[in-house]
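Sequences listed follow chains L and W, in order. Mapping the first sequence onto the numbering used here, position 155 (from 1) lands on 155, and the numbers just tick up by one. Mapping the second sequence onto the numbering used here, position 153 (from 1) lands on 153, and the numbers just tick up by one.
Check before you lean on any hint, since a few could be wrong.
No copy labels: a pair is met if it fits in one copy or bridges any two.
As a list, the in silico DSSO-like pairs of lysine-lysine whose alpha-carbon atoms are at most 27 Å apart [to be verified]: (1) K16 x K164; (2) K214 x K31; (3) K92 x K214; (4) K4 x K21.
Simulated from the structure, these hints should not be mistaken for laboratory data.
Protein chains: 2
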Amino acid sequence: MITKNQIKYIRGLALKKNRVKEQCFVVEGEKSVAELLRSSFQIIDLFATKQWIAENNYDNANEVSVTELARISNLKSANNVLAVVKFNEEIKEKISGVTLVLDDINDPGNLGTIIRVCDWFGVEQIVCSKNTVDFYNPKVVQSTMGSLFRVSVLYTDLNKYLAKTTTPIYGAFMDGENIKSSNTNENIHLVMGNEANGISKEVEKYISKKVAIKNIGGNTESLNVAIATAILLYEFCD
Amino acid sequence: MITKNQIKYIRGLALKKNRVKEQCFVVEGEKSVAELLRSSFQIIDLFATKQWIAENNYDNANEVSVTELARISNLKSANNVLAVVKFNEEIKEKISGVTLVLDDINDPGNLGTIIRVCDWFGVEQIVCSKNTVDFYNPKVVQSTMGSLFRVSVLYTDLNKYLAKTTTPIYGAFMDGENIKSSNTNENIHLVMGNEANGISKEVEKYISKKVAIKNIGGNTESLNVAIATAILLYEFCD
């Protein structure tokens with residue numbers, strides 16, 4: 001069963017200010033929770049139906065009814081399990097290959113897709129500007145389909161971070177160099193900019209190489225940032 | 001001004017059955033309508049504010065108030081202009097490069113993104129199975145940001161279409177050949193399958209080459225179909 005206070009607390013985690021205050025976020029659905037259980041993330045509380053508990057070896061579950069679960073769920077149709085999870089922001093010290101840097105990505109769907117793409121291409125770390133959309137946002141958590149437990153995401157001051165970076169820093173620009181078949185084996189940082197404004201002037205000064213995806217049709221002005229990230233990672237990851 | 005019957009008619013076009021019956025769909029917003037005016041699509045009716053009419057040389061606009069426009073708009077905040085447009089399904093006979101084939105794509109956002117990506121990479125024709133989401137769906141129209149007026153989209157029986165196709169037919173499969181740097185100059189058809197089920201058995205028999213994007217991380221099961229389409233077109237289009 002679940003108390004009124006627990007319901008209030010969990011529903012409150014839909015808001016960023018409460019997540020930041022509590023340093024906790026919500027993970028829902030069987031697939032996402034299965035990935036969570038395989039990760040190093042710390043589970044604070046887990047609410048599940050009798051059926052889920054019977055099927056999974058998890059000792060500390062609170063058994064709840066489907067109706068109770070619906071009261072704490074963010075999903076249109078509540079699933080069998082919901083977990084409250086501790087934030088986990090780790091800096092990976094030794095990274096090989098590409099480290100992705102996001103300069104003010106706004107859209108939760110884009111961030112979720114980018115995390116999934118990083119998981120596919122083996123990118124271990126994403127470094128985000130402080131204004132990039134919050135990765136513990138329920139829409140981001142849901143759209144990554146479990147990939148967020150495998151890709152480390154860190155929020156920091158990009159100015160300070162990039163000033164200390166020793167690998168080449170590539171940035172995606174409309175007027176950059178066409179990267180087709182430019183296979184690089186270097187360890188690099190790759191910076192992607194905001195959906196509307198691209199990479200900020202402040203971050204641009206750290207870019208050692210401007211890269212672009214050739215606009216073959218020549219009519220449309222831009223590619224979606226998640227699409228562009230996927231193509232660049234496809235090119236740079238081996 | 002706008003009559004009650006016109007309001008009813010336009011709002012009705014939010015439903016597929018009415019669009020199919022009338023062979024018409026709705027285009028909203030200044031950017032999309034600007035692209036529409038540059039296209040060969042036939043405009044049946046155009047409703048616009050005084051301001052839009054003053055700024056654009058379009059003779060047959062119906063002047064409406066912002067309030068009237070809000071009554072016929074599908075958007076959260078109605079824009080300055082809305083057009084009712086005739087369906088335009090053309091088969092391009094001579095196509096060079098890649099022709100994209102969609103086998104039951106379900107999600108309007110995915111189709112919209114795919115059309116935008118085709119516009120970027122100069123793909124002129126998309127051939128869709130009859131069960132692929134309707135391209136005149138308001139969400140698709142909006143998400144293509146004008147690209148739908150430049151990329152020709154055709155709905156047909158894929159079985160019949162592919163049986164008559166003379167170019168190689170590539171298909172995206174999880175167990176296909178890694179296409180990295182496999183630059184092809186051939187004219188090809190590229191088939192992408194349904195979000196959950198991939199390419200259907202019926203269509204698979206026409207595939208001459210199975211292709212895949214290497215799963216470097218090895219943990220996540222799949223890439224979003226719009227992302228996968230973008231990467232494959234990036235590789236195959238020059």
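Hint-by-hint comparison with the structure:
1. K16 x K164: This pair counts as neither: shortest intra-copy Cα distance 29 Å, inter-copy 55 Å.
2. K214 x K31: Close across copies (23 Å), not inside one copy (37 Å); limit 27 Å.
3. K92 x K214: Intra 32 Å, inter 24 Å, cutoff 27 Å: inter-copy only.
4. K4 x K21: within (20 Å within a copy, 52 Å between copies)
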